[in-house]
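4 protein chains.
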Amino acid sequence: MVGNFQVRTDLALEARENYQDGDARIRGVRVEEKEDKEKEIYTTVVHIETENGAKAMGKPVGTYITLEARGLSDQDEDYHREISEEIARHLRQLIGEGEKTVLIVGLGNREVTPDALGPNVVNNLRITRHIIREFGKTAPGTEKENSVSAIVPGVMAQTGMETLEIIQGIVKETKPELVVVIDALAARSTRRLNRTIQITDTGINPGSGVGNHRQGINREILGIPVIAIGVPTVVDAATIVNDTMENLIEAMDQTENMQQLGGMLGTLNKAEKYELIQELISPHLNTMFVTPKDIDDTVKRLSYTISEGLNIVFCG
Amino acid sequence: MVGNFQVRTDLALEARENYQDGDARIRGVRVEEKEDKEKEIYTTVVHIETENGAKAMGKPVGTYITLEARGLSDQDEDYHREISEEIARHLRQLIGEGEKTVLIVGLGNREVTPDALGPNVVNNLRITRHIIREFGKTAPGTEKENSVSAIVPGVMAQTGMETLEIIQGIVKETKPELVVVIDALAARSTRRLNRTIQITDTGINPGSGVGNHRQGINREILGIPVIAIGVPTVVDAATIVNDTMENLIEAMDQTENMQQLGGMLGTLNKAEKYELIQELISPHLNTMFVTPKDIDDTVKRLSYTISEGLNIVFCG
Amino acid sequence: MVGNFQVRTDLALEARENYQDGDARIRGVRVEEKEDKEKEIYTTVVHIETENGAKAMGKPVGTYITLEARGLSDQDEDYHREISEEIARHLRQLIGEGEKTVLIVGLGNREVTPDALGPNVVNNLRITRHIIREFGKTAPGTEKENSVSAIVPGVMAQTGMETLEIIQGIVKETKPELVVVIDALAARSTRRLNRTIQITDTGINPGSGVGNHRQGINREILGIPVIAIGVPTVVDAATIVNDTMENLIEAMDQTENMQQLGGMLGTLNKAEKYELIQELISPHLNTMFVTPKDIDDTVKRLSYTISEGLNIVFCG
Amino acid sequence: MVGNFQVRTDLALEARENYQDGDARIRGVRVEEKEDKEKEIYTTVVHIETENGAKAMGKPVGTYITLEARGLSDQDEDYHREISEEIARHLRQLIGEGEKTVLIVGLGNREVTPDALGPNVVNNLRITRHIIREFGKTAPGTEKENSVSAIVPGVMAQTGMETLEIIQGIVKETKPELVVVIDALAARSTRRLNRTIQITDTGINPGSGVGNHRQGINREILGIPVIAIGVPTVVDAATIVNDTMENLIEAMDQTENMQQLGGMLGTLNKAEKYELIQELISPHLNTMFVTPKDIDDTVKRLSYTISEGLNIVFCG
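Chains as they are written, first to last, in this note's numbering: chain A, 1 to 316; chain B, 1 to 316; chain C, 1 to 316; chain D, 1 to 316.
No wet-lab data here; the hints were simulated from the structure. Be careful, since some hints might not be right.
One copy or two, it doesn't matter: identical chains are merged, so the pair holds either way.
Below, in silico cross-link-like pairs of lysine-lysine (DSS-like), each with a Cα-Cα straight-line distance of 30 Å or less [what the hints assert, rightly or not]:
no., residue 1, residue 2
1, Lys137, Lys293
2, Lys175, Lys137
3, Lys100, Lys172
4, Lys300, Lys34
5, Lys172, Lys37
6, Lys37, Lys175
7, Lys37, Lys300
8, Lys175, Lys293
9, Lys34, Lys55
10, Lys100, Lys300
11, Lys39, Lys137
12, Lys137, Lys100
13, Lys55, Lys293
14, Lys39, Lys293
15, Lys137, Lys55
Kindly generate the complete structure, drawing on both the sequences and the hints.
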């Protein structure tokens, strides 16, 4: 890609689509797809298996599970319970058998509606670590005997600290066996907003999330497994503009009375097109995001669905 | 304008700029401009004086005062106090001399950060109506003897009611002499976001505000003067796309190796350009807005500045 | 009762217990009790049938249903669903058959944790009035075809208005057939806090609620049926002191080496005892309340249980 | 003191008053008092200088500065600025000259109004650490060149972790030179609620704060100076009852027709009185607190006053 403009996506699913424009298969990347027609859940598992695949995808080696479910934005409670169970099922596969002591981290800014997903999830969790430490594993309401702790670290503008510094300090002090981080993500397409849940064993990596983390929060750095659960709630403002440009080029090829014009733009190669787009994007846009007007309801509902998924896994 | 796409702006200032592209003066519209270089406040007063002017501007007859102040997004407290005093000065001119019983309405959704301006302003107001009713006008802390009441009606998705229904009910019941509504607005340009305050005696009119009110809240409907104070905190997502298209056309005229192409797009007339844009805009975008990532801090600060302005006027 | 000190309770159940100290049956008051041992729900229905009964109880003529459920403070979701269904069942009996247009009012102050019950309930309601008005009764998700609107009016210190003024204005403007108000109540005993739900067809009456409403919100005043749902979340600070005094007197009768002393206090009649208590109560206490430390969790859970009860009745 | 009932106070000022009932001076405790009549601020500095003094007071060796200011509950902004400056002056004396890197910790539960003091203070702080780390000490808005970071760790029911574990982890990771903790306190007397600010160099010690910390957060444990700033916002429910009993005994000595009775209770010694009180206190009360009804406004105002004091010291 030319210049410093990047169409950002935190979804492995979309990273793969980007790539596929020209090339159907990427070496080192294996994809499984499954549709549950009854539940209307479309599941894609992207396995990035080699460094080559990682480079092509712009994402680290690991497993990326994506659930797409139209109904995620709706109010149907029973449907949400099914999604929670799907989340629980995938989490169990990534985590493996046996009891765990887990630290759940709600990333993001609770004061900015689309970035409040992580903090909201933590609000609904069943926290057991202090109970188990005081009363032992036979304490009531702790059948599953996992020790669950949680933190909402806040964002750098609120704390002056990198999120990683806070988490690393707490991990060293409380020694959990597993970290699960929840974060609001940026998608490439507005159609995926609030309808997609990504679960990965690669943790959080630099540049991801609504707040664009500068440092990774992953197994390499923390020394223990890190699962990340994310939902795209925003699209970068610059991405919207980029999409329109691509629509323009496409439209020009199709719309009758503009073919001549389209043909012309079409003669630009990819690099030239991006250069053009970059010139057009107002620098203001880089600090802005696009989000739906009903984001308050959606984030509330999604947070609840994810926290229930976690409660099923850890508190049965 | 062709089709049903409209570049929306709630600022009279921007409505005028739209128009001026082709034509420097609009009949029935009078504009005063003033720059306070020391305070770095740029004030524009747009007087729409005739129905002709109203039609040209797409806004009702009345006075629109716009304060533009770069520092509005900064943390400098003394500067904010000066802006509060500017707001107070303009409010007094619109309201006139003498004591008033006033109902202040904080429009918008307190759960959506850029739409929470109105509710936040109400949180910081000095409310006196109940004190004056109980202890009379000599009650402590009520030197100015204005009776101030306030309401945060919520948005239609929360209440099932038009905001107007709620306000009209309360106005009929409590009979204030004046209504002041505070609302987050949509601007046309990201450069104006969070740096501009508009004060008008025309109230709120259909289609304005982040939440796009369907009915007006104005003197005509309520039967008493309605002042509206607004700050643009979002840009419609579709507007961003439109801007890029215009940048594209402009860029094409200037960039050397694209002049030929630019010339071609340039031959489209305005109607044809809008038709083109309309085709390119994803229908999803109509329910989306663009807002800066630090909107939480900005809305907090702006709300405080406006509520202090109101407190100066009504509680001195 | 002597003097202006009153042991306040918003629960008819407790009003009756007060009275019963001396007298087992009150004329004009009929009581039904029922225990569901499996669900651990204890239901008391107090029918105040005559003005005489109303005077004796200090509450207006009407029906007061009280659900006592130990588990209300626990996290068991299935249990809460059962309580929601119980609430729905009783509501249906009070309301009667047929579709309704209903306005649900969340009384109280959302900024004070134990008083936030009403506002929290409204946050979880399914609001349908605006959908039905736009798309008609066949709109999706509105099988039950009730039109539900809702408002969180705020408290007098925030609005400068009596809650009644706001509600009356909205009722006149939007003409619902039924009003349901939700409010946090004051109990007489700490043991009832957060474990008791009262449903009554008498609405809200002066002096009730955490915020002590000065005017009633009831059928007499609004002209349409008013159902009130309340949960005691606080005890007046003065009541705690009163209870201790009564414990003191009782203890003295029992504790060996204090019988002589107890006997003495015992010779005071009720009026004299209250006079004594009144002298002892610091005037500060009248503006204070007592509430449990985990009130945040409890109010969150109770609000959800009540809103689900309302959703079952009105949105099926 | 007999039994396990303790009249709890987090104020050294009140600990001293307790003791003084019998004895005017405590060895190892030195007290300075000062009244600023113009500003209506009453300042008491309690120096606990020896282990003997610490034992007598039930508080560790160190300096306890208490500002009492009637106006703290009022809305007068200029007055609050003066208090902020007083706080700043005392903080500077405890901290000493020179630049510092400081971590400010907002203890308490943001969901429970009287316990939200610490989290609210952090909301209004100017955070600079990340700016200094990125742009160096010449960054704009950082004249004072202190590096300020902040955290709201939440309470154990939310995190499953001791507050100390979280803070210790962050301190080890980010290595500040100084920690300032803000916490809501419990007072012994309702008259001191929301009118008193205590600043101490002894940090937080077990059993203090609204949430009753189980472990200390102090220099001994963290290895760096820990300043604690606290405001009493609640009184333990059991304390209210205790106070009434003491009022009872006193009243009995004075009220004519009860002297005989009073004389009798009066013959109980302190230990016997506490035994009596303990029997009377309902076990429920131990998990409850007493707080004023307008606690939302008060905590908002106090938080702002304290955060401004901190901003003056660290960000000039």
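Intra- versus inter-copy proximity for Lys37 and Lys172 (alpha-carbon distance at most 30 Å): Neither: 45 Å inside a copy, 49 Å across copies.
Pop the pair Lys175 and Lys293 into one bin, within, between, both or neither, using alpha-carbon distances up to 30 Å. between (41 Å within a copy, 29 Å between copies)
Could you figure out if Lys39 and Lys293 sit no more than 30 Å apart (CA to CA) within one copy, between two copies, both or neither? within (27 Å within a copy, 35 Å between copies)
Give the relationship of Lys37 and Lys300 under a CA distance limit of 30 Å: within one copy only, between copies only, both, or neither. For Lys37 and Lys300, only the intra-copy Cα distance (26 Å) is at most 30 Å; the inter-copy one is 35 Å.
At most 30 Å between alpha carbons: which applies to Lys175 and Lys137, within, between, both or neither? Within one copy only: 18 Å inside, 35 Å across.
If the cut is 30 Å between Cα atoms, do Lys100 and Lys300 qualify within a copy, between copies, both or neither? Answer is both: 28 Å inside a copy and 28 Å across each meet the 30 Å cutoff.
Regarding Lys137 and Lys55, is the shortest C-alpha distance of 30 Å or less found within a copy, between copies, in both, or in neither? Classified as neither: same-chain Cα gap 44 Å, cross-chain 38 Å, threshold 30 Å.
Measure nothing new, just compare the shortest in-copy and cross-copy C-alpha distances for Lys137 and Lys100 to 30 Å and report within, between, both or neither. within (12 Å within a copy, 44 Å between copies)
Give the relationship of Lys100 and Lys172 under a CA distance limit of 30 Å: within one copy only, between copies only, both, or neither. both (16 Å within a copy, 25 Å between copies)
Quick one: Lys39 to Lys137, C-alpha cut-off 30 Å, is that within a copy, between copies, both, or neither? For Lys39 and Lys137, only the inter-copy Cα distance (27 Å) is at most 30 Å; the intra-copy one is 36 Å.
Can you give me the call for Lys300 and Lys34, within, between, both or neither, at a CA distance of at most 30 Å? Answer is within; shortest intra-copy Cα gap is 27 Å, inter-copy 38 Å.
Checking an output row: Lys37 and Lys175, CA cutoff 30 Å. Within, between, both or neither? Classified as neither; 42 Å inside a copy, 44 Å across copies.
When held up to the earlier numbered hints, the structure conflicts with 5, 6, 15 and fits the remainder.
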